[in-house]
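I would like the entire structure built from these sequences, with the hints used as guidance.
Top line first, the protein sequences correspond to chains A and B. For the first sequence, the numbering used here assigns the number 2 to the initial residue and increments by one for each residue that follows. For the second sequence, the numbering used here assigns the number -19 to the initial residue and increments by one for each residue that follows.
It is possible that some hints are incorrect.
Unchecked claim - Listed next, with one range per pair, are the computed distances between beta-carbon atoms: (1) His136/A with Glu31/B: 41 to 47 Å; (2) Gly215/B with Phe26/A: 33 to 39 Å; (3) Arg257/A with Ser228/B: 56 to 62 Å; (4) Val164/B with Lys132/A: 24 to 30 Å; (5) Arg257/A with Arg232/B: 56 to 62 Å; (6) Glu(-8)/B with Gln77/A: 35 to 41 Å; (7) Gln77/A with Leu82/B: 31 to 37 Å; (8) Ala128/A with Thr32/B: 24 to 30 Å; (9) Ser17/A with Phe129/B: 37 to 43 Å; (10) Gly89/A with Arg77/B: 23 to 29 Å.
FYI, nobody ran anything at the bench for these hints, they're computed from the structure. All figures in this text were calculated on a predicted structure; none of them were measured in a lab. Don't be surprised by glycine CBs; every beta carbon is placed ideally from N, CA and C.
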Amino acid sequence: MNPRGGWALIQSTWLSWLQYRSFFFLLAFMWMIPPLIYLLVWSTAAGGQTVGGLSRGEFVAYYLTLILVNQLTYAQTNWTVGDLIREGRMNTLLLRPLAPLYDTLASELAGKIVYMIFIIPAVALLALLLKPEWHATWGTGLLFVPTLLLAWALRFFWGYWLALLAFWSTRADGLLALQDALIFLLAGMVAPVALLPGPMQSAAILLPFRYMIGFPVEVLTGQLSAGELWLGFAAQVVWLLVALTLSAAVWRGGIRRYAAIGG
Amino acid sequence: MRYLRLIRLFAEASAQNELAYQANFWISLLHSTLNTGTGVLGLVVLFGQIETVHGWDFPSTLALLGVYLTLSAVRGLFIGPSLDRLAGMDGEVWSGRFDFTLLRPVDGQFFASFRYWQPLALLDLAMGLGVLGLAIDRLGQGFSLAHLFTFGLAMAAALVILYAILLIFTALIFWSPGFLFTWVFDAFFQMARYPVGLYPGWLRLALTWIVPVGLMTTVPAQALTGGLSAWMLLGSLGLAACLLLGASALFRLGLRRYASASS
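Given below as structure tokens:
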């Protein structure tokens, strides 16, 4: 543990990321598009009535929140960890008196801040244009914060252990693509989980993906009963513990195998 | 004739290059399956909740998805990889290597558009055509020669429009090197997954007239469902011709601006 060194690393990473902000703004714009498409499709489908119990304005509120949550929890560093291992750049990081996890977390935090500079005004503008119907209260707002943090941690560590499989196979990023596809289908992106057909809905509730994005959004838009809320909370914690255990185990096994390619 | 022979040579050389990495085949297969699967399942979810939106039901929207997947496969086969060498990340215009490209004894635009092929995109093409076949079967109104002819014409127009827009976005690199214009186009192109009729009015106009990506998929899909008027078909053929001429002119103008990077 070396928190002071970790913080210095976070600061320097943030400053270097700000240099390339137009590139990151472009990335943020591109990640915003898929949820935006579903926002438009579902709100057009709802028209003047309701679809699956949601009105047009409620769909808009749901998806605008989802755009924010998706961006806040998206762990883009999971894609770069594999490259570090493959190309041997992990060597430099391993020599530092600081766990390489800090480096990943530093980029993660730097990215979040740069992306938010773009996403928050964009969502505010969309909210002005599309007139969402928010049912958020102080209570749901208060619950939203811990679920969002858990969602971020879950998505990060779930992707992290998948990315660390690069110690064994050079093409482990295929698994990250699979994870992205499952997130698209089951995490509330293509439709709110309540609107998914039977078997997909059960899968969404059992698997970890909904707890990475969809769950905090449902909490904030007030779609959940108290029972569902606690159950979802418990699922988040359990899946996070699983992801943490797997990350630690894969890291320990992988570092022993690592033979420093290139350098 | 010389140009056809050159295209064959380019394709062969790139195929030898790409097929050396055999594990890529399985990764590409995974990616195309995920892409097709999420697309189809997305429609299943949407039409599990509603019957039709603005006249589009499940089979006709599936036909549109087939058109979208086929078009993006052709783009991935040669248009995308070729133009990316010029204006993509670390592209030639940015790095100055474009000097050597310009010196070759062949038309600049032709070379920039056809020089690199990605044979694994044929997997995407097969899946796109598969979805089209499934949709035609679901539409169940028979498939006459006249249908096939109009569909072929509409597809050809769509391909030319796609190529022309990509060329325009690529040519902009001469004015602002370093900005990834084709990524901006990607964001718009994703919206062509759904019929323009599923978007609100202002966006429908933009996707038809400003960045005509909606037109690209909607018109061929309508040719299959029988909802296409002769005027629409003629209009899209005319638009294709105009855009192609305009894009070529812009590309030439850009070429004249190119002043090499210092190297």
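Hint check results:
| no. | hint | verdict |
| --- | --- | --- |
| 1 | His136/A with Glu31/B: 41 to 47 Å | violated, 28 Å |
| 2 | Gly215/B with Phe26/A: 33 to 39 Å | holds, 35 Å |
| 3 | Arg257/A with Ser228/B: 56 to 62 Å | holds, 58 Å |
| 4 | Val164/B with Lys132/A: 24 to 30 Å | holds, 27 Å |
| 5 | Arg257/A with Arg232/B: 56 to 62 Å | holds, 58 Å |
| 6 | Glu(-8)/B with Gln77/A: 35 to 41 Å | holds, 37 Å |
| 7 | Gln77/A with Leu82/B: 31 to 37 Å | holds, 36 Å |
| 8 | Ala128/A with Thr32/B: 24 to 30 Å | holds, 29 Å |
| 9 | Ser17/A with Phe129/B: 37 to 43 Å | violated, 57 Å |
| 10 | Gly89/A with Arg77/B: 23 to 29 Å | holds, 26 Å |
The structure does not agree with the numbered hints 1 and 9 stated previously, though it agrees with the rest.
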